[in-house]
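Trainee: Letter by letter, the chains look like this.
Protein chains: 2
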Amino acid sequence: MNILGGFVNNIGGFVKDRLPKNKPAEFQKIDGKAIAETITKEIAAELTDLKAKTGKAPGLAVVIVGSRGDSQTYVNMKKKKCKECGIESYGKELPETVSQEELLKVVQDFNADPNVHGILVQLPLPKHIDEATILSAISIEKDVDGFHPLNIGALCMKGRDPLFVPCTPKGCIELLDRMGVEMKGKHAVVLGRSNIVGMPAALLLLKRDATVSIVHSRTVNPEAEVRRADILISCCGQAQIVKSKWIKKGAVIIDVGTNAVPDASKKAGFRLVGDCDYAEVSKTASMCTPVPGGVGPMTIAMLMRNTADSVKRAYLKE
Amino acid sequence: MNILGGFVNNIGGFVKDRLPKNKPAEFQKIDGKAIAETITKEIAAELTDLKAKTGKAPGLAVVIVGSRGDSQTYVNMKKKKCKECGIESYGKELPETVSQEELLKVVQDFNADPNVHGILVQLPLPKHIDEATILSAISIEKDVDGFHPLNIGALCMKGRDPLFVPCTPKGCIELLDRMGVEMKGKHAVVLGRSNIVGMPAALLLLKRDATVSIVHSRTVNPEAEVRRADILISCCGQAQIVKSKWIKKGAVIIDVGTNAVPDASKKAGFRLVGDCDYAEVSKTASMCTPVPGGVGPMTIAMLMRNTADSVKRAYLKE
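As given, the protein sequences belong to chains A and B, one line each in that order.
Per numbering that gives the first Met the number 0, the very first residue in the first sequence carries number 0; after that it's consecutive.
Per numbering that gives the first Met the number 0, the very first residue in the second sequence carries number 0; after that it's consecutive.
Derived by calculation from the structure, the hints in this document are not laboratory data.
Careful, some of the hints might be misleading.
Copies of one chain are not kept apart here, so a pair can be met inside one copy or by any two copies together.
[As the list claims (entries may be wrong)] Here are the simulated DSS-like pairs of lysine-lysine, each with C-alpha atoms no more than 25 Å apart in a straight line: (1) K40 - K206; (2) K157 - K126; (3) K157 - K80; (4) K206 - K126; (5) K80 - K183; (6) K157 - K206; (7) K55 - K40; (8) K311 - K40.
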């Protein structure tokens with residue numbers, strides 16, 4: 000066998016794969032904000048209907064420990080979105096110094112409360128509290144964040160369905176679906192392997208029959224790996240690391256990164272950018288989410304979706 | 000930006016990666032049988048030591064339903080290996096017609112038995128029994144097969160460690176370790192995505208910092224994907240589908256496939272072959288496991304390892 004011949008054939012294969020078969024379509028922004036608003040309206044209509052039939056309102060409990068500014072901002076956004084959807088918000092703000100036992104008690108009380116259908120503990124938690132212990136304590140039937148290991152385990156097993164899928168990766172797949180992007184048989188690359196985004200995103204893409212590569216900080220040549228992606232979900236938290244030359248012509252990009260970069264022209268002194276250089280990648284990609292206004296609004300919409308699903312499941316059981 | 004220039008550079012990258020940097024070393028067979036024997040001796044020595052100190056013997060319970068010939072063969076091999084390691088075997092053979100409740104009762108009794116440190120329910124189960132229900136009923140502290148969704152969930156989360164890792168994928172990683180194969184930063188391809196081998200193998204490779212691609216029946220060009228592997232774990236159950244031209248020069252192959260092909264020269268009328276054409280891939284790979292004598296013996300050795308770890312954990316708790 001001629002080994003060099005093998006190489007040459009192989010190169011041919013790669014080039015052929017990468018050349019656009021048709022004239023590339025216009026680049027499209029994936030408008031996560033608009034899609035999330037549509038979903039919010041769908042959920043509000045469903046829940047109005049449910050309330051008319053059952054007389055009961057779904058509830059979401061948000062537990063926040065300490066006073067991190069960004070956590071407060073997220074929590075307020077979640078409360079506002081609950082109101083739009085017709086979901087009751089139950090909040091519990093605990094001081095930074097709260098003990099693990101006290102926090103566990105709060106979770107257990109919400110577990111027992113029939114008015115609460117979803118419980119969310121805002122992360123990160125202070126260092127003296129074991130995150131795994133707290134997350135595992137949330138009743139799996141109210142784990143709207145989908146972080147319980149039983150939910151993650153089910154996500155990764157064929158023939159099992161988790162009760163809840165983590166909101167951010169669920170939002171990524173929902174964006175692909177609403178944009179009509181077929182995943183089956185596509186080469187999907189997930190850049191980043193966090194518990195809350197990268198890993199579950201990879202598992203979801205696999206459930207949708209994509210060929211999945213997981214690329215991370217120890218990957219020797221991330222650019223070469225990403226360049227093979229028909230679909231890229233980027234969640235590595237590196238400001239604008241992904242440039243046009245990283246992107247296969249016509250690829251679809253979901254940019255989960257939300258990175259603050261200094262910007263003297265802004266009142267806050269910074270602005271938010273994605274893992275991808277949007278202006279740059281839009282030259283090669285066929286679609287990309289902007290930051291902000293892409294995945295962010297979808298995460299909250301999916302939290303509402305999970306809570307709505309939870310209340311429906313609870314009412315079906317009654 | 001010159002797009003064609005980008006392609007050319009990229010091709011250059013692929014070619015460079017694939018050309019051997021040094022004269023390739025001699026091809027090496029990965030002798031799973033010999034390595035498994037070494038591990039068995041290590042476990043036997045550990046357990047003799049433990050027995051001398053505590054006076055107690057570890058126990059493994061094997062539950063078998065029906066009379067499938069291959070299940071019986073596996074179970075007998077497991078019993079024999081238990082004896083070699085100094086592990087008590089507890090067996091329960093149930094008829095094909097056993098009800099799910101009766102089988103659950105057997106599992107619960109073993110859960111409660113302090114002499115039993117590992118419980119294994121031989122799969123597949125008859126169709127009238129829900130596999131997921133039975134596997135989830137095994138106490139997570141005795142789940143030496145590692146199939147409980149809590150174990151799988153922990154396997155896939157950073158910062159969590161499962162109590163047990165499924166035996167076959169654990170054996171694959173052990174083979175790589177014992178052969179001195181570095182996984183960090185390598186491109187690993189898992190061919191197949193089953194719950195019991197492919198998925199957990201991918202998760203283990205990721206925990207060891209490999210860049211991981213999961214290739215399966217819906218992958219458009221599996222050959223091109225496999226050809227990028229520095230390390231290939233093949234578990235697709237397709238007899239000798241992987242040929243020399245699928246393999247990157249110098250790659251390391253762990254062949255999990257055990258496929259029966261007709262062979263008139265054999266008394267049984269068939270012989271077992273891997274997913275890889277061993278004679279063929281040995282021309283390009285640097286190492287490969289044979290079938291039989293590769294991963295098979297390691298699976299049983301890892302079951303002994305998990306049982307030994309379980310008994311040690313139980314004694315530490317007493």
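Trainee: So, against the hints stated earlier in the document, which numbers end up violated here?
Mentor: Going through the list in order, the structure violates hints 1, 3 and 5 and respects the others.
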